[in-house]
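Undergrad: So the sequences go chain by chain: D and Z. Numbering that gives the first Met the number 0 puts the first residue of the first sequence at 0, with every later residue one more than the last. Numbering that gives the first Met the number 0 puts the first residue of the second sequence at 0, with every later residue one more than the last.
No lab work stands behind these hints: they were computed from the structure. Treat each hint with caution, since some may be false.
A few chain Z residues facing chain D, derived, Cβ under 8 Å [unchecked claim]: (1) Met0; (2) Thr4; (3) Val5; (4) His6; (5) Arg8; (6) Ala11; (7) Gly15; (8) Val16; (9) Ala19; (10) Ala22; (11) Leu205; (12) Leu208; (13) Leu211; (14) Lys212; (15) Gln215.
Taking CB as the label site, the calculated pair distances span [as the list claims (entries may be wrong)]: (16) Z:Asp184 to D:Leu41: 16 to 26 Å; (17) Z:Thr186 to D:Arg12: 58 to 68 Å; (18) D:Leu41 to Z:Lys149: 19 to 29 Å; (19) D:Ala19 to Z:Glu223: 13 to 23 Å; (20) Z:Cys24 to D:Leu27: 45 to 55 Å; (21) Z:Gly182 to D:Ala9: 40 to 50 Å.
Here are the computed lysine to any residue pairs in the SDA-like style, where the Cα-Cα straight-line distance is at most 20 Å [stated by the list, open to error]: (22) Z:Lys301 to Z:Asp162; (23) D:Lys22 to Z:Asp168; (24) D:Lys22 to Z:His3; (25) Z:Lys149 to D:Cys44; (26) Z:Lys301 to Z:Lys149; (27) Z:Lys128 to Z:Val17; (28) D:Lys22 to Z:Thr7.
Beta carbons are placed, not taken as given, at the ideal position from N, Cα and C, and that holds for glycine.
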Amino acid sequence: MALGAKKKTASARLRRWLDAHNKTACLLIGTLTAAALIGLFLFVCFSGFGASADFIYSQF
Amino acid sequence: MSPHTVHTRLVALLVGVVIAAAAACCTFLLLPAQSEQATGVEYGYVYSGAKSSSASFIEANMDQSSILVQGSSEFSTPSSLVPQVPSQVFGATNYGLRMMCVGEAYDQSLWHAMALGALANGNRLPGGKVVLIVAPGWFVDGGQDPNTFKTRFSYSMWQGFCDNPDVPDQTKSYVASRLRQMGIDETTINSGAGNLPQDRLDSLALGALDDLKLRQQLGKVRQEGSPLASGELQTPDWESLRAQALADAQARSTNNDWGIENGFYADRLAPVLDGSRGIRAGETYSATPEYDDLRAYLQVAKANGLDVLVIVSPVCGPYYDHIGIDASARATCYERIRQVAADEDAQVADFSDREYERYFLYDIVHFGWTGWIDVEQSIYQFAQGGE
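Just chain D, same shape as in the assembly (with noise of 0.2 Å):
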């Protein structure tokens, strides 16, 4: 069989899985939600990527 048509059956699967299991995807659904959100906010304000540099003597 074909790659492309083992990801279609994959994808289908989990698509019909999901569906049969409704409870359980909204679940997933609202965590995923939840970390990628407060993920996002904690990378915001604590990462420091726009922290400021150390002092070097070049300045001078």
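Given chain D, put chain Z in place with the hints provided.
TA: Below, chain Z alone, put in the same frame as chain D:
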């Protein structure tokens, strides 16, 4: 997918958003407020960008014996190299004066104008006095590199500056235009200065984010405090302090004729001296907006009823001669600083004539052993009401 399934999954998505929002709100409860302070602890000499950017923290850690001193990298000099730094003089002995040092490397007149506007709002500065330490390095041709300014930009200070009703509109407009030149985006500028609904929303969001960042960063600052100077109130014996400074300097500067600290000379200067002759020739200290920024700073001070002492720091004369920035260019810089200060009625403690004095600086630009004693004496006299 049935409508019921779509509906339930949308609800799940919304629940995820609500949980994330609740978690974000919890961080405000978990992190101590910026103004939270510990009694009996001195933070005035802690070298920190977070501390310098938090008007609430600064205000909470000043009292009637405090004086605001704004500057830059000179505050980072370690006491292990120069025992005469302010933390070891005013921070160690009860001379009745506490310095609140605000600023770090790359904080120049524009940054300090914003900070002063934020700090002075509502007459919150004790004693009605402020000190600004300036150096020729601020006034190089071309002005400050916008990239370094952006790393230092403080949204909180910008917001506080805009909220100060005593700062003239003309000065606010000038500072806003300079921020644009330095690459600060319009959304940020307008959130502090604008009046549209979206500006207010942006202000809320940016203010909340900045508040959280500062709350988190101030945790480290709170670990670096030292006990407040205590004991009987004393008067500084400047002659004795200076004599000790000279002795310390003579012990720490033995490998060169310029009075520079041994380690700095051996590690940073000696290896590059031969190749650095004349490399800065052509510097004029004239093609820069820094003088206008300094004027804006002094106008903010004047509008808020503050007396200002401008301390003019020298550079290492022999080294600057060596790299080609001649004495006449440096003299022009010093004179323009003095003129701007005179125009805006500021007092000046001018140390520009100490360029060739050994031990006044410990490297090529930062106050050294005797330098710090003389600077501290000028600040002390200014705080006491002398000139």
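Undergrad: Kindly indicate which numbered hints from before are broken by the structure, ordering the numbers from low to high.
TA: Those not satisfied are hints 3, 4, 11, 17, 19, 20, 23, 26 and 27.
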